[in-house]
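Line order of the protein sequences matches chains A and B. Under the numbering used here, the first residue of the first sequence carries the number 1, and numbering increases by one thereafter. Under the numbering used here, the first residue of the second sequence carries the number 1, and numbering increases by one thereafter.
I should point out that these hints are in silico values taken from the structure, not numbers from a laboratory. The beta-carbon is built from N, C-alpha and C at its ideal position, and this holds for glycine as well. Errors might be hidden in some of the hints.
[What the hints assert, rightly or not] Here are a few chain B residues that face chain A, going by a calculated C-beta distance under 7 Å:
#1 Ser-37
#2 Phe-40
#3 Leu-41
#4 Lys-47
#5 Tyr-64
#6 Asn-85
#7 Ser-89
#8 Thr-90
#9 Gln-100
#10 Ser-130
#11 Lys-255
#12 Ile-258
#13 Gln-261
#14 Ala-263
There are 2 protein chains.
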Amino acid sequence: MKLSSRIDVMKPSAIREAGKLIAAKENCISFAAGLPSPDFLPIEEVKEVTEYILEEMGHIALQYGPTKGYAPLLTKIQKMMMDKNILCSTDNIQITTGSQQAISFSAMLFVDKGDTIITENPSYLGALASFGPYECNVKGIDVDNAGMKMDLLEETLKSDKRIKMIYVVPNFSNPTGRTWSLERRKALLELATKYDVPIIEDNPYGEIRFEGEEIPTIKSMDSENRVIYLGSFSKVFCAGLRVGWICADKELISKYEIIKQGADLQSNQLAQMQIDEYLNKYDLNEQILKIVDSYREKRDLMCRLIDECFPKTIKRTHPKGGMFVWLELPEGADAKELLIKSLEKNVGFVPGGPFYPEDGHDNTVRLNYSNMSLEQIEKGMLLLGELFTDEF
Amino acid sequence: MKLSSRIDVMKPSAIREAGKLIAAKENCISFAAGLPSPDFLPIEEVKEVTEYILEEMGHIALQYGPTKGYAPLLTKIQKMMMDKNILCSTDNIQITTGSQQAISFSAMLFVDKGDTIITENPSYLGALASFGPYECNVKGIDVDNAGMKMDLLEETLKSDKRIKMIYVVPNFSNPTGRTWSLERRKALLELATKYDVPIIEDNPYGEIRFEGEEIPTIKSMDSENRVIYLGSFSKVFCAGLRVGWICADKELISKYEIIKQGADLQSNQLAQMQIDEYLNKYDLNEQILKIVDSYREKRDLMCRLIDECFPKTIKRTHPKGGMFVWLELPEGADAKELLIKSLEKNVGFVPGGPFYPEDGHDNTVRLNYSNMSLEQIEKGMLLLGELFTDEF
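Same shape as in the complex, but just chain A:
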């Protein structure tokens, strides 16, 4: 039986594969997966609202519902968007199964075989994976501490006539933790307009800011419906419920809705109601504040230990929010080999190479600080420091 040609280019996620290695070890300290902290899962709150939903609206929660999403939740999300100065109605919102599904749908919507998607270099691994089935080229544009380098972007936009979308994570990026400056966001919007390319602005970490002022989203500056904004409850509420959304031009949303119908009819109905009811009864901002305070402390500890215990030849980013620190090891280092050695010490991380659309960059590492406790971070970083000191 012959498989489609797209399957040849699709490979398992390096994170989920590293995760399997780590899961096979007992009590491994893992900086690998991008998991939220277990300390702030709103278990009691979800229990309470679920009881209420099943008592009062069980016949809605357990039955098929609309493809577009649960109407009261659409209204809540619309308000969240308006609070970010994104003008919209519920016609501009489509619920998805996490923003992962929204990324995948965007490639389906915009990209034909042989077309090009532009991403940051490095970019979110899950996005690169979701582009696989569309048999397109993915071109990574190098970044600095203020975002994508605009001269390199324009060069590419000029030379490649088949660029169909630009995918970016401007806030506390996965994997590097970097944030785009306001100027760079404006410049991206200008270039995208000049070359008539849509921007997919993925913002799962935007609320988790430790310091400094919020920088406007690209979508909030978008006067011509060029930006497709992706939001998610995974990092600030519950990842396991798998609820995200798309905020975009009404006509585009109607296309996303048709795609969603064919893909899985609709997302889990109860989960949408759980989030809606939580937002009725609780203040999500209080939840976010707890997360921010904790992650800030963890970021501080991880960065301090990198500075104190790692060889000076290792460079790191300094995330002002989100969940990740990014390391550049000395040229020639192979993070995949180092992971094997690190696992012998019962410490895991993700090698950074797979986050680049092209090969190479094997001397990079993504470290997650949200999921482990302060004690685990301390112990794990000391062990990693020993390993890296031995190696470099």
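Please arrange chain B on chain A, whose structure you already have, making use of the hints.
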């Protein structure tokens, strides 16, 4: 901004569009959507198991989990498959967001642009919709009361060298309610083997049998891993939880898992645990028995009223299970126009034309009997009978 070429061929679901018309009317009696009965949603049971899960395993239920699915549920599904004489291990199972997602993934796995998918004629509308993004041809093979006509199938397999999969619903088909005979199932497997084409066997209604003996699934007769079996909890447990599964060759499952990673990382974690815990504490077969008894009564009533009140020129199928009766109105009738008139009487149904991959067949109608009460069925069928008697 240019959209991908695949979007041109994708249209909104005729069911969900008819549903919008119907939802706009108050107290409409609807035989349109394929909704399970509201009477048997296990609301109390779900409430109980959810409380338990959130108390004991909340940190697992609300966190990211494995792409393949929640391990204890995989084991339960494996046992369900073994009970159907389908030899398998959990390596042969992948959880999906309803079997809708499994259909869509199957097209992604097997079909390149310009390839052909074979379906029954008519076939499940949601399957046809899910094939849209893959820019393939869909060829419907006519059916009779014993299943797909094998001579027509072989003719097509002989003449079209680009057939990459055959999609069938052998038990109580959506939309016709028909069931394949054992002989026809064996013949399909033989032909698929001869022409080396995979079979997607979609079986969401198989448990809802009113009479007669269970006929073996095609998968249970499959000695060479040619059949991809799709199962679902939507029709026997809760559609809103969106949990289905694929049972197939281990190598294929590893491909489906990669597709799932890119598409949405994983299905809702709590929903998988709710089903698993329900299966720990309750007997799904008791739930199914209640559904079967009720739907049988509804089918009996609907069929009797068709025979008594509809013009004799209208033909119907006689479903031995499932949720649908299929009507053929006299040649030249247009069910889309009749729906408008029917909605004036506050009765809805789905015109049958869109269930055919090719145009035409506008004189067909799908009637769902599971969702409405006996009283609503009685009233609605009398009103439809009046309309049809006036028309024909």
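Hint check:
no. : hint    : in the structure
1   : Ser-37  : violated (10 Å)
2   : Phe-40  : violated (10 Å)
3   : Leu-41  : holds (5 Å)
4   : Lys-47  : holds (4 Å)
5   : Tyr-64  : holds (5 Å)
6   : Asn-85  : violated (22 Å)
7   : Ser-89  : violated (17 Å)
8   : Thr-90  : violated (15 Å)
9   : Gln-100 : holds (5 Å)
10  : Ser-130 : holds (4 Å)
11  : Lys-255 : holds (6 Å)
12  : Ile-258 : holds (5 Å)
13  : Gln-261 : holds (5 Å)
14  : Ala-263 : holds (5 Å)
In summary, the structure is inconsistent with hints 1, 2, 6, 7 and 8 from the numbered list given earlier, while agreeing with the others.
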